[in-house]
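Protein chains in written order, with the numbering used here: chain A, 1 to 162; chain B, 163 to 324.
Derived by calculation from the structure, the hints in this document are not laboratory data.
Just so you know, not all the hints are guaranteed correct.
[Claimed, not checked] Simulated crosslink set (BS3-like; lysine-lysine; CA at most 25 angstroms straight-line):
1) Lys-265/B / Lys-109/A
2) Lys-229/B / Lys-293/B
3) Lys-15/A / Lys-265/B
4) Lys-103/A / Lys-177/B
5) Lys-281/B / Lys-67/A
6) Lys-177/B / Lys-15/A
2 protein chains.
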Amino acid sequence: MENPQRLNVQSHPEKLEAQWVVGFVDGEGCFYVGINPHPEMSCQFQVLPEFTVVQHRRDVQLLHALKRFFGCGVVRQNHEDRMAYRVRGLNHLTERIVPFFEKHPLKSKKRVDFARFRKILHLMNQGNHLKAEGIEEIRAIASVMNTGSERSRRNRAKFLVG
Amino acid sequence: MENPQRLNVQSHPEKLEAQWVVGFVDGEGCFYVGINPHPEMSCQFQVLPEFTVVQHRRDVQLLHALKRFFGCGVVRQNHEDRMAYRVRGLNHLTERIVPFFEKHPLKSKKRVDFARFRKILHLMNQGNHLKAEGIEEIRAIASVMNTGSERSRRNRAKFLVG
Chain A
1 MENPQRLNVQ
11 SHPEKLEAQW
21 VVGFVDGEGC
31 FYVGINPHPE
41 MSCQFQVLPE
51 FTVVQHRRDV
61 QLLHALKRFF
71 GCGVVRQNHE
81 DRMAYRVRGL
91 NHLTERIVPF
101 FEKHPLKSKK
111 RVDFARFRKI
121 LHLMNQGNHL
131 KAEGIEEIRA
141 IASVMNTGSE
151 RSRRNRAKFL
161 VG
Chain B
163 MENPQRLNVQ
173 SHPEKLEAQW
183 VVGFVDGEGC
193 FYVGINPHPE
203 MSCQFQVLPE
213 FTVVQHRRDV
223 QLLHALKRFF
233 GCGVVRQNHE
243 DRMAYRVRGL
253 NHLTERIVPF
263 FEKHPLKSKK
273 RVDFARFRKI
283 LHLMNQGNHL
293 KAEGIEEIRA
303 IASVMNTGSE
313 RSRRNRAKFL
323 VG
């Protein structure tokens with residue numbers, strides 16, 4: 001016998017409205033730029049921008065709905081009973097995530113992190129992340145992102161370890 | 163000299179759309195029913211339903227915007243650097259909060275807690291919270307609310323102590 005809840009999710013996929021997405025991301029979203037040592041790259045560092053939304057697994061259908069909404073990204077286990085929707089590719093971030101939040105601005109202070117995130121993507125699209133001075137500029141911007149949210153830090157730390 | 167940020171908040175109060183409120187509450191809201199010993203009441207217990215949204219103080223303007231949106235509730239310090247928008251009165255919960263989320267359903271599993279919350283408000287509006295058997299029915303429903311969210315429990319625990 002099929003799981004009736006699963007059947008329900010499959011036959012009625014969640015349709016999201018733009019303002020719902022903005023409100024949910026104001027609450028649960030995170031714009032983050034990791035800068036990791038990478039000896040094989042000419043500038044010794046790899047810049048990894050990512051947009052993530054973390055939820056308890058009971059609401060994983062919302063993460064899949066976000067994936068359908070943006071038409072990119074992946075849904076993966078985060079840590080323990082939490083799942084994450086994550087977009088990492090520079091093209092998808094630049095062409096899908098950024099234009100959406102430019103058209104539908106965040107209402108929380110997370111919009112400040114979004115502006116920094118957008119600036120870093122702009123620098124990367126110009127190739128600055130491949131030069132030492134560009135890395136330093138990106139590092140300076142990234143260092144003041146996500147400074148206020150204990151939850152962001154916790155989720156991110158587990159995410160990068162996992 | 164006036165604080166320019168404060169001036170900005172005052173001159174451009176945040177206008178919220180219904181779907182943004184749903185998305186934000188899907189992420190950050192909590193429907194909770196406390197049942198506290200109260201020797202002066204005939205049934206020895208007091209039932210305290212509340213709807214809360216907790217945010218870091220940097221986004222307190224969003225909590226004030228929610229207060230304006232619903233036309234009820236208070237914004238208070240929660241604990242440390244966190245603030246809470248809170249609606250407690252039975253009338254305001256029954257006449258303003260419940261009808262909004264009936265018209266604009268939550269998309270997360272929080273809607274299950276909302277349904278239990280609405281059921282308890284219904285029992286209270288019938289006076290069941292003033293009788294021993296009513297208290298037991300309410301306690302049974304309340305005991306399975308907010309069971310999944312570590313954050314809800316943490317915020318609530320601090321909130322009730324404060």
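Verification of the supplied hints:
1. Lys-265/B / Lys-109/A: 28 angstroms, violated
2. Lys-229/B / Lys-293/B: Not OK: Lys-229/B and Lys-293/B at ~32 angstroms, beyond 25 angstroms, violated.
3. Lys-15/A / Lys-265/B: It holds: about 16 angstroms lies between the C-alpha atoms, which stays within 25 angstroms.
4. Lys-103/A / Lys-177/B: 16 angstroms, holds
5. Lys-281/B / Lys-67/A: Between Lys-281/B and Lys-67/A the Cα gap is close to 34 angstroms, so the pair fails against 25 angstroms, i.e. violated.
6. Lys-177/B / Lys-15/A: At roughly 23 angstroms apart (the allowed maximum being 25 angstroms), Lys-15/A and Lys-177/B satisfy the hint.
Hints 1, 2 and 5, counting from the list given before, are not met by this structure.
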